[in-house]
Amino acid sequence: MSVQTPGRSRPRAYRRPVSVWWWLRKPTYLLFVLRELSSIFIAWLVAFLVIMVFSVGRGADSYRGFMDWAGQAWVVVINVLAFAFAALHTVTWFLLTPKAMALRVRGRAVPARAVVTGEYVVLAIVTVLVLWLVLR
Amino acid sequence: MTLEAAARAAEESITLEVTRYEPDGDTEPHTQSYVVPLRKDWTVLDGLNYVKDSLDPSLSYRWSCRMGVCGSCGMNVGGRPSLSCGTFLSDFAPGPVRVEPLSNFPVIRDLVVDITDFLDKLPTVKPWIIRDDGDVDVHAGEFLQTPAELDAYSQFSSCINCMLCYSACPVYGLDPDFTGPAAIALAERYNLDSRDQGARERLDVLIEREGLWGCTFVGECTRVCPKHVDPASAIQRYKLKAAQESVRAVLLPRGGR
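In order, the protein sequences belong to chains A and B. The UniProt record's numbering applies: residue 1 is where the first sequence begins, and numbers increase by one. The UniProt record's numbering applies: residue 1 is where the second sequence begins, and numbers increase by one.
Worth flagging that the hints you see were computed from the coordinates, not collected in a lab. None of these values were measured; they are calculated from a predicted model. By construction, the Cβ of each residue, glycine as well, lies at the ideal position given by its N, Cα and C atoms. One thing to keep in mind: the hints can contain errors.
[As the list claims (entries may be wrong)] Cut-off 30 Å, straight-line C-alpha distance, at most; resulting in silico cross-link-like pairs (DSS-like, lysine-lysine):
hint : chain 1 : residue 1 : chain 2 : residue 2
1    : B       : K126      : B       : K239
2    : B       : K227      : B       : K126
3    : B       : K52       : B       : K40
4    : B       : K227      : B       : K241
5    : B       : K239      : B       : K52
6    : A       : K99       : A       : K26
7    : B       : K40       : A       : K26
8    : B       : K227      : A       : K99
9    : B       : K52       : A       : K99
10   : B       : K241      : A       : K99
11   : B       : K239      : B       : K227
12   : B       : K126      : B       : K241
13   : A       : K99       : B       : K239
14   : B       : K227      : B       : K40
15   : A       : K26       : B       : K126
16   : A       : K99       : B       : K126
[To be verified] Some residues of chain A that are not near chain B, with every Cβ distance over 12 Å (derived):
hint : residue
17   : F32
18   : V50
19   : T127
The following block holds chain A by itself, in its conformation from the complex (with noise of 0.2 Å):
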């Protein structure tokens, strides 16, 4: 990796290990990795809907089988830490969208504010049309 110069020889540099711990060593760390870990509570409820919408389309006996496998303990407790997760993930890549997204309108910078404003506005009306879908 370093490059030894020819005739001058380098003193013996120490390198210290990465612990396999370095994300507890700072809260932004630990952030950082639950956001990351997030993605697979996601997973889960991307499966998780699609299951569902199958045995919707398989009729009601199937749908009833469902809800009634849906409503056990150890589901709940994984669906209530997905929906953290998933609350967590959303908060903090709105926060992160204006750092890759440099807006510019008419000549001027979008301040960051704005996008992340932006994005909650677009998150409620998609939340207000799906409860619509819903429960109308």
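Chain A is fixed; fit chain B onto it per the hints.
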């Protein structure tokens, strides 16, 4: 010394816990404590200079400008990558203050790290202005920029190569092949320059796994950057452009790109 004077002396001093490593004798670093005066206007670097001048001339560390411009005095102070010339001892009172070499780099001696790896990587991202139109006659005139064109990249041009971002980056710690925050931010600085035409050449290098996509957006580089360069933002914006470029390459005919 009276009891009162001793108490006052203790009040006006702070302990530095400094990492020492002597490459010829030590197999691994150890910590040595030094008691230095605690003055309101003293930085960690002032404390180290006091140690060097008055207590232990064998202590090794890098420094030059003492005003956050040269980028040579980066150290882990209290576990956080910092410029020791811009970190005040009084913020750590009553102490002790832990002073370690920057993480993720091999330690040459005491607080001095080997940044050869970064110096090898820096030219690979071609951090200079590239023109398609061959050699430009520098005497032909200036390449004028509007304030908006300057504004597009000026933030990313403030990098002083202090290596705090590399020290803060867990990706670089785990995978030393990662190009790293400062180098990618500097590539982006030239991409955003209206006079530059080398974005494609740089992307060819950075599109590799160890380039842009090595970054997992921990964001710690931005938090520790003393010049507010925001490397995390530069890398994410770069990723967005790289992704758009890939999609365009698939969808559009050759002429449309």
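Status of each hint after checking the structure:
{"no.": "1", "hint": "K126/B with K239/B", "in the structure": "holds, 18 Å"}
{"no.": "2", "hint": "K227/B with K126/B", "in the structure": "holds, 21 Å"}
{"no.": "3", "hint": "K52/B with K40/B", "in the structure": "holds, 20 Å"}
{"no.": "4", "hint": "K227/B with K241/B", "in the structure": "holds, 24 Å"}
{"no.": "5", "hint": "K239/B with K52/B", "in the structure": "violated, 45 Å"}
{"no.": "6", "hint": "K99/A with K26/A", "in the structure": "holds, 21 Å"}
{"no.": "7", "hint": "K40/B with K26/A", "in the structure": "holds, 28 Å"}
{"no.": "8", "hint": "K227/B with K99/A", "in the structure": "holds, 17 Å"}
{"no.": "9", "hint": "K52/B with K99/A", "in the structure": "violated, 42 Å"}
{"no.": "10", "hint": "K241/B with K99/A", "in the structure": "holds, 13 Å"}
{"no.": "11", "hint": "K239/B with K227/B", "in the structure": "holds, 22 Å"}
{"no.": "12", "hint": "K126/B with K241/B", "in the structure": "holds, 18 Å"}
{"no.": "13", "hint": "K99/A with K239/B", "in the structure": "holds, 11 Å"}
{"no.": "14", "hint": "K227/B with K40/B", "in the structure": "holds, 23 Å"}
{"no.": "15", "hint": "K26/A with K126/B", "in the structure": "violated, 33 Å"}
{"no.": "16", "hint": "K99/A with K126/B", "in the structure": "holds, 24 Å"}
{"no.": "17", "hint": "F32", "in the structure": "violated, 5 Å"}
{"no.": "18", "hint": "V50", "in the structure": "holds, 26 Å"}
{"no.": "19", "hint": "T127", "in the structure": "holds, 26 Å"}
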